[in-house]
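**Student:** Sequence:
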Amino acid sequence: MILDHIGLNVSDAQASKAFFSAALAPLGVSVVMEEQGWVGLGKDGKPDFWFGVGGAPHAGMHLAFTADNRAQVDAFYQAALEAGGKDNGAPGIRALYHPNYYGAFVLGPDGHNVEAVCHRPEP
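Residue numbers (full-length UniProt numbering): 1 to 123.
Since the hints were made in silico from the structure, they are not lab data.
Just so you know, not all the hints are guaranteed correct.
As the list claims (entries may be wrong) - Ranges of calculated distance between the beta carbons of each label pair, as one might list FRET restraints:
#1 I2 / A25: 23 to 31 Å
#2 S30 / D87: 20 to 28 Å
#3 R120 / G55: 33 to 41 Å
#4 A90 / G37: 33 to 41 Å
#5 G54 / H119: 27 to 35 Å
#6 Q36 / R94: 14 to 22 Å
#7 D12 / A71: 29 to 37 Å
#8 Y101 / G60: 17 to 25 Å
#9 L96 / V53: 16 to 24 Å
#10 G92 / Q36: 17 to 25 Å
#11 G28 / N100: 14 to 22 Å
#12 R94 / E34: 27 to 35 Å
#13 A95 / G54: 33 to 41 Å
As the list claims (entries may be wrong) - Quick list of in silico lysine to aspartate or glutamate cross-link-like pairs, EDC-like style, CA-CA up to 20 Å:
#14 K46 / D74
#15 K43 / D4
#16 K46 / E35
#17 K17 / D110
#18 K17 / E122
#19 K17 / E35
#20 K86 / E122
Note that CB positions come from ideal geometry on N, CA and C, so glycine has one too.
Whole structure, please, built from the sequences with the hints as guidance.
**Tutor:** Shown next, in the form of structure tokens:
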């Protein structure tokens, strides 16, 4: 990965925390820390993805999270919908990108296009 971490402004940090915590749990991502109204999620104790209320919410961002396998993509999609996300593309191959691009898309609380993607072939 070329980024160390990323942060974005949201309209409601607690609503975003509830959504992202549930949606990203199947990918092994969880809340690592909270500081001064910001929430940091990640793996292995490192917060890579931050959000909070610190200005006008960013609009229309595309956030893609890595999945280890296609089952995680499927689980992300279901968890995100159950957490209030709106369907923006059911799990499936996106051959436009490459033959093994398996992704799913949902719109999160602030309308961000949130994706889980696996680039590995089916075993």
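**Student:** Could one say that the CB atoms of R94 and E34 fall in the range 27 to 35 Å?
**Tutor:** 34 Å, holds
**Student:** Kindly confirm whether 33 to 41 Å is satisfied by the beta carbon distance between A95 and G54.
**Tutor:** With a Cβ separation near 39 Å, A95 and G54 satisfy 33 to 41 Å, so the hint holds.
**Student:** Is 14 to 22 Å a correct range for the gap between the Cβ atoms of Q36 and R94?
**Tutor:** About 38 Å separates the Cβ atoms of Q36 and R94, which means 14 to 22 Å is violated.
**Student:** Does the alpha-carbon distance linking K46 and E35 stay inside the 20 Å limit?
**Tutor:** 14 Å, holds
**Student:** Kindly confirm whether 33 to 41 Å is satisfied by the beta carbon distance between R120 and G55.
**Tutor:** 38 Å, holds
**Student:** Do the beta carbons of G28 and N100 sit within 14 to 22 Å of each other?
**Tutor:** 20 Å, holds
**Student:** Given the hint of 17 to 25 Å, check if G92 and Q36 actually sit that far apart at their C-beta atoms.
**Tutor:** Hint violated: Cβ distance 40 Å, outside 17 to 25 Å.
**Student:** Is the gap between the beta carbons of S30 and D87 within 20 to 28 Å?
**Tutor:** 24 Å, holds
**Student:** Sort out whether E122 lies within 20 Å of K86, counting only the CA atoms.
**Tutor:** 26 Å, violated
**Student:** Holds or violated: K17 with D110, Cα cutoff 20 Å?
**Tutor:** Roughly 12 Å separates the two Cα atoms, so the pair holds.
**Student:** Can the restraint linking K46 and D74 be considered satisfied, given a maximum Cα separation of 20 Å?
**Tutor:** 25 Å, violated
**Student:** Quick check: does the Cβ-Cβ distance between G54 and H119 fall within 27 to 35 Å?
**Tutor:** Given about 33 Å between the Cβ atoms, the range holds.
In summary, the numbered hints that this structure violates are 6, 9, 10, 14, 18 and 20.
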